[in-house]
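Peer 1: Quick note, the sequences are listed as chains E and R, same order.
For any residue, its number in our numbering is found by taking its place in the first sequence, counting from 1, and adding 3.
For any residue, its number in our numbering is found by taking its place in the second sequence, counting from 1, and adding 100.
Among these hints, one or two may not hold up.
Stated by the list, open to error - One side only, chain R facing chain E, incomplete, derived with CB under 8 Å:
(1) G201
(2) L230
(3) H234
(4) K299
(5) W327
(6) R425
(7) T430
(8) A441
(9) F506
(10) K520
(11) A522
(12) H622
(13) N626
(14) T628
As the list claims (entries may be wrong) - Chain E is faced by these chain R residues, among others (derived, beta-carbon under 8 Å):
(15) P175
(16) K270
(17) L429
(18) G431
(19) W477
In case anyone wonders, no lab produced these hints; they're calculated from the structure.
Glycine is no exception: its CB is placed at the ideal position from the N, C-alpha and C atoms.
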Amino acid sequence: MTTTVENAVCTFCGCLCDDIRVEIENDRIVKAKRACANGRGMFMDYDPTPRKPRVAGKAVSWKQAVKACARILDDAESPLIYGLSSTSTEAQKKTVALADRIGAMIDTTSSVCHGPTGLAMQALGEATCTLGEVANRADLVIFWGCNPAEAHMRHFSRYSLTPKGRLVPEGRKDRTVWGVDVRPTKTSRMVDHFIQIDPGSDYEVLTTLRAMLKGYRIEAEQIGGVPLTQLTELAHAMKTCRFGAVCMGMGLTMTRGRDLNVRELFALVADLNSQTRFSVVPMRGHSNVAGADQVMTWQTGYPFAVSFAKGYPVYGPGEFTAVDVLARKEADAALIIASDPAAHFPRKAAAYLETIPTIVLDPEENLTARTAEIFLPTACAGIDASGTFYRMDNISIHAQAVVASGRPTDQDILQDIMEAMQT
Amino acid sequence: MIGIINGRVYDPCNGIDGKVRDIWVKDGRIVSPAEVDRSAADIIDADGMVVMPGGVDIHSHIAGGKVNAGRKMRPDDSRGHERPSRELSQSPRVYTRSGTGRSVASTFKTAYDYVEMGYTTVMEGASPPLMARHTHEEFEDIPILDKGGYILMGNNHFIMDCIRRNEKEKARDYVAWLLGATKGFGIKIVNPGGVENFKYKQNVTDLDDKVIGFDVTPRRILETLSWINDELGLPHVPHIHGLNLGLNGNADITAETLIAMTGREAHFTHLQFMSYGGEMGKPVRSAAEVTARVVNANPNITVDVGQVVFGDTTTMTADGPVQYRLHALTGNKWFNDDVEAETGGGVTPCVYRKSNPFNAVQWLVGLELFLLIEDPWRVYLTTDHPNGGPFTCYPQVIRMLMDRDFRMQAFEGISKLARKNALLPELDREYSLYEIAIITRAGTAKRIGLDWKGHLGVGADADITVYADMEDREAMFARPRYVFKDGVLVARDGQIVCERPGQTVYVSPDYDTAIEKEVRRHIEDNYTIAFEHYAVSEKELSNGRQVACKP
Numbered sequence: 004m005t006t007t008v009e010n011a012v013c014t015f016c017g018c019l020c021d022d023i024r025v026e027i028e029n030d031r032i033v034k035a036k037r038a039c040a041n042g043r044g045m046f047m048d049y050d051p052t053p054r055k056p057r058v059a060g061k062a063v064s065w066k067q068a069v070k071a072c073a074r075i076l077d078d079a080e081s082p083l084i085y086g087l088s089s090t091s092t093e094a095q096k097k098t099v100a101l102a103d104r105i106g107a108m109i110d111t112t113s114s115v116c117h118g119p120t121g122l123a124m125q126a127l128g129e130a131t132c133t134l135g136e137v138a139n140r141a142d143l144v145i146f147w148g149c150n151p152a153e154a155h156m157r158h159f160s161r162y163s164l165t166p167k168g169r170l171v172p173e174g175r176k177d178r179t180v181w182g183v184d185v186r187p188t189k190t191s192r193m194v195d196h197f198i199q200i201d202p203g204s205d206y207e208v209l210t211t212l213r214a215m216l217k218g219y220r221i222e223a224e225q226i227g228g229v230p231l232t233q234l235t236e237l238a239h240a241m242k243t244c245r246f247g248a249v250c251m252g253m254g255l256t257m258t259r260g261r262d263l264n265v266r267e268l269f270a271l272v273a274d275l276n277s278q279t280r281f282s283v284v285p286m287r288g289h290s291n292v293a294g295a296d297q298v299m300t301w302q303t304g305y306p307f308a309v310s311f312a313k314g315y316p317v318y319g320p321g322e323f324t325a326v327d328v329l330a331r332k333e334a335d336a337a338l339i340i341a342s343d344p345a346a347h348f349p350r351k352a353a354a355y356l357e358t359i360p361t362i363v364l365d366p367e368e369n370l371t372a373r374t375a376e377i378f379l380p381t382a383c384a385g386i387d388a389s390g391t392f393y394r395m396d397n398i399s400i401h402a403q404a405v406v407a408s409g410r411p412t413d414q415d416i417l418q419d420i421m422e423a424m425q426t
Numbered sequence: 101m102i103g104i105i106n107g108r109v110y111d112p113c114n115g116i117d118g119k120v121r122d123i124w125v126k127d128g129r130i131v132s133p134a135e136v137d138r139s140a141a142d143i144i145d146a147d148g149m150v151v152m153p154g155g156v157d158i159h160s161h162i163a164g165g166k167v168n169a170g171r172k173m174r175p176d177d178s179r180g181h182e183r184p185s186r187e188l189s190q191s192p193r194v195y196t197r198s199g200t201g202r203s204v205a206s207t208f209k210t211a212y213d214y215v216e217m218g219y220t221t222v223m224e225g226a227s228p229p230l231m232a233r234h235t236h237e238e239f240e241d242i243p244i245l246d247k248g249g250y251i252l253m254g255n256n257h258f259i260m261d262c263i264r265r266n267e268k269e270k271a272r273d274y275v276a277w278l279l280g281a282t283k284g285f286g287i288k289i290v291n292p293g294g295v296e297n298f299k300y301k302q303n304v305t306d307l308d309d310k311v312i313g314f315d316v317t318p319r320r321i322l323e324t325l326s327w328i329n330d331e332l333g334l335p336h337v338p339h340i341h342g343l344n345l346g347l348n349g350n351a352d353i354t355a356e357t358l359i360a361m362t363g364r365e366a367h368f369t370h371l372q373f374m375s376y377g378g379e380m381g382k383p384v385r386s387a388a389e390v391t392a393r394v395v396n397a398n399p400n401i402t403v404d405v406g407q408v409v410f411g412d413t414t415t416m417t418a419d420g421p422v423q424y425r426l427h428a429l430t431g432n433k434w435f436n437d438d439v440e441a442e443t444g445g446g447v448t449p450c451v452y453r454k455s456n457p458f459n460a461v462q463w464l465v466g467l468e469l470f471l472l473i474e475d476p477w478r479v480y481l482t483t484d485h486p487n488g489g490p491f492t493c494y495p496q497v498i499r500m501l502m503d504r505d506f507r508m509q510a511f512e513g514i515s516k517l518a519r520k521n522a523l524l525p526e527l528d529r530e531y532s533l534y535e536i537a538i539i540t541r542a543g544t545a546k547r548i549g550l551d552w553k554g555h556l557g558v559g560a561d562a563d564i565t566v567y568a569d570m571e572d573r574e575a576m577f578a579r580p581r582y583v584f585k586d587g588v589l590v591a592r593d594g595q596i597v598c599e600r601p602g603q604t605v606y607v608s609p610d611y612d613t614a615i616e617k618e619v620r621r622h623i624e625d626n627y628t629i630a631f632e633h634y635a636v637s638e639k640e641l642s643n644g645r646q647v648a649c650k651p
């Protein structure tokens with residue numbers, strides 16, 4: 004028998020598409036209509052069958068696993084908690100509570116994606132808007148260092164390129180679209196004007212645009228490999244639009260200059276608001292990485308890279324960011340939740356992680372789980388667990404589970420671990 | 101069961117002005133002595149102490165998108181303002197949560213700071229409907245305190261479309277739906293039409309200016325929402341932040357707005373920011389007399405002050421153009437968030453300096469309003485936290501109001517330019533403890549519409565604060581001896597001793613369900629989330645309390 008769920012929320016990426024029609028047969032999802040390839044993969048590849056937790060290579064009961072987790076955390080002097088970006092805020096809240104209780108260092112995947120965007124925000128602020136403002140108003144959209152055509156596949160149709168809105172009734176026809184990147188991408192093929200800049204020259208190009216908009220004469224004939232005439236055109240488009248939006252991604256945050264690149268973009272957007280209205284839209288990757296920022300911030304005052312070792316939150320990007328903590332071999336135990344650092348961290352950090360007692364909470368046995376001391380196969384928030392998620396523009400949506408769960412949620416297990424602990 | 105005996109009780113709702121009375125508590129409520137078995141009761145001897153209902157804040161920014169953007173943007177506000185986690189009991193193990201922050205404190209710290217100051221109920225001043233879920237998520241992490249949120253409606257597309265088409269009944273049904281969907285408590289209006297116009301880099305400056313694309317005026321938005329508020333019988337009244345906030349000469353438009361509401365019930369928030377004289381480009385001066393006069397003459401109007409306190413703080417409002425202007429003026433960092441089809445808003449840090457003539461005048465305006473508005477039941481203590489300063493400065497403001505010498509000492513320290521021709525030295529009024537109890541709990545609870553709070557009569561929630569009676573009123577109000585919430589001792593000598601959840605109050609007015617079809621279409625056409633995902637369900641509130649409407 005097939006059951007259908009309308010308006011399911013896809014918790015794969017920061018778009019949080021909430022119009023998915025899911026078909027279920029025998030507790031497995033067999034169709035995910037309207038979902039993109041990434042979303043379809045998430046819905047259809049997931050097997051919600053309950054699995055036993057694994058401790059030191061052996062399958063054990065949940066009770067035994069929870070006890071083993073409590074022991075590791077009780078014994079740890081300097082535990083690290085990391086991840087959070089693909090689980091619900093309910094689980095994130097519980098995770099920060101655990102970190103507070105045990106005096107852990109806690110960091111989220113922000114530190115390896117849009118952490119620099121957060122630092123730029125702390126330096127300058129951020130002029131932003133919800134995605135509906137882009138859909139309803141934006142007559143100029145710029146994609147800078149991001150490739151939604153492959154990473155946020157429905158961003159174009161739902162938010163930024165084709166939607167028709169009150170002020171853009173003709174949708175795509177009413178928008179001028181620019182792309183800036185170091186190489187042609189699938190996204191660059193969708194824009195009206197593409198500027199290919201030299202790798203590592205984002206900062207220079209952005210500064211040049213700021214200078215142009217402030218009326219300075221630029222003498223160089225090209226900047227970052229771009230003829231000045233092209234930048235003049237872009238600057239003109241920026242100041243003459245009615246409502247502009249620049250969607251920015253890891254092409255800015257994870258290349259040379261990092262937070263300085265983003266700062267320059269944020270400064271440019273703030274400057275533009277003296278002439279027209281302009282917003283920046285950070286293209287957050289994982290489904291609830293924006294929620295991780297939010298929960299960390301309302302509970303601790305800081306978005307990521309926090310240590311509770313002193314009994315209260317201390318902020319230290321570069322100091323308490325997970326890659327740095329691991330590379331310096333400062334953590335003596337780790338709890339990884341809803342992320343896969345072994346697959347994404349630099350080799351040195353990932354190699355050290357293998358040497359310390361590690362607990363992994365994840366719906367899938369990912370690379371980190373395979374070498375971890377303890378693997379806890381929890382429910383997948385958005386599929387067999389309900390929970391709240393924050394879209395890339397910080398609008399929160401409650402995702403109802405679409406299949407029955409035989410698995411415990413992250414927050415249930417974290418609560419059990421806290422109750423089992425001695426300290 | 102608890103008895104608080106021998107204390108001098110200030111319970112203005114019941115006309116008790118400093119009489120020695122015993123207060124009895126059972127099952128979280130105030131009860132009559134007959135209901136209590138004294139031998140089984142815990143007795144607090146409050147001999148020589150002052151007993152009041154728990155403090156009730158009518159307007160503060162403590163939770164939601166803007167507040168959290170402020171926290172994130174200001175690690176400098178967190179550093180040096182840390183609160184460690186503390187063990188409350190060993191078995192079972194209970195800890196307070198740690199936190200940071202002064203003007204934009206983390207959620208748990210916000211709760212503890214308020215409670216340790218004797219406050220037990222706080223209303224969040226401005227939540228965009230689309231971000232109500234976020235506000236409620238933070239409420240869940242603000243323990244002990246009871247809270248509720250006002251929902252921003254002054255720039256809402258659906259409402260403005262209805263007004264243009266003269267369909268006020270439809271707007272009424274929508275507002276009822278929206279309050280239920282957001283689990284909000286009341287109607288908030290911020291710079292009606294001006295926030296929408298800011299999306300075109302413009303604003304409104306007059307009640308009859310046009311809202312771009314809607315052909316409606318601020319005046320009609322105010323009138324319609326006020327009519328809707330009445331029709332729905334909401335517990336609170338329209339909560340209004342008017343036009344031209346922070347601008348020289350805005351007292352005239354404020355007075356005009358107050359007069360436009362003649363005959364209607366309305367609350368004007370942070371009146372201090374709306375009561376300036378002078379012209380643009382010329383020195384600002386206080387026009388507290390202008391707005392206070394109108395308030396005094398209109399008994400259906402209440403205000404909270406939004407007192408400025410000198411020092412560093414974070415300003416935040418749904419009034420997007422205000423925050424942009426402040427950023428352009430100061431060069432301080434600036435956060436802005438335009439919210440689809442509803443509203444906008446911004447955040448900018450700010451330092452109020454005694455030596456700065458503008459800031460000094462702002463400080464004067466607030467105090468003058470407190471002293472010129474005659475009826476304490478109609479003027480309430482706020483700093484528009486954190487806009488005028490952090491709520492932790494309330495005790496300082498209380499002392500300013502109760503102690504003229506202290507006030508004048510502070511006056512001597514402000515900018516000479518601001519002192520020139522100032523009215524403040526002529527105002528001899530000193531608030532009594534009874535009046536303080538009105539402006540900080542009795543009056544606010546009544547005006548919010550929380551009849552079971554703000555007093556110590558039988559049946560009221562046993563939210564009680566006991567103060568040592570000290571000559572230094574700042575010290576007295578900063579650190580109460582005992583704070584009870586729902587009859588449970590939650591703070592002693594200014595320190596949390598018990599952690600428990602607080603309630604979230606909300607309304608869910610009745611409406612003609614025919615509106616849902618139109619709302620669905622409106623959301624499908626104008627929003628990027630599905631109709632099904634818009635509403636916050638009751639299940640998402642772990643401790644919600646629906647308050648009845650009286651249409």
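Peer 1: Give a verdict on every hint.
Peer 2: Evaluation of the provided hints:
1. G201: holds, 5 Å
2. L230: holds, 6 Å
3. H234: holds, 5 Å
4. K299: Since the shortest Cβ distance to chain E is 6 Å, the answer is holds.
5. W327: violated, 26 Å
6. R425: With Cβ-Cβ at 11 Å, over 8 Å, it is violated.
7. T430: violated, 12 Å
8. A441: Holds, about 7 Å.
9. F506: violated, 32 Å
10. K520: Violated, because the Cβ-Cβ distance from R:K520 to chain E comes to roughly 34 Å (cut-off 8 Å).
11. A522: With Cβ-Cβ at 34 Å, over 8 Å, it is violated.
12. H622: Result: violated, 11 Å to nearest chain E Cβ.
13. N626: holds, 6 Å
14. T628: holds, 4 Å
15. P175: This interface hint holds because 5 Å falls under the 8 Å limit.
16. K270: R:K270 check fails; min Cβ-Cβ to chain E is 19 Å, beyond 8 Å.
17. L429: It is violated, given that the least Cβ distance between R:L429 and chain E is near 12 Å, above 8 Å.
18. G431: Check failed: Cβ of R:G431 comes no nearer than 10 Å to chain E, outside 8 Å.
19. W477: Violated. Min distance 35 Å.
Comparing the model with each numbered hint stated earlier shows that hints 5, 6, 7, 9, 10, 11, 12, 16, 17, 18, 19 do not hold.
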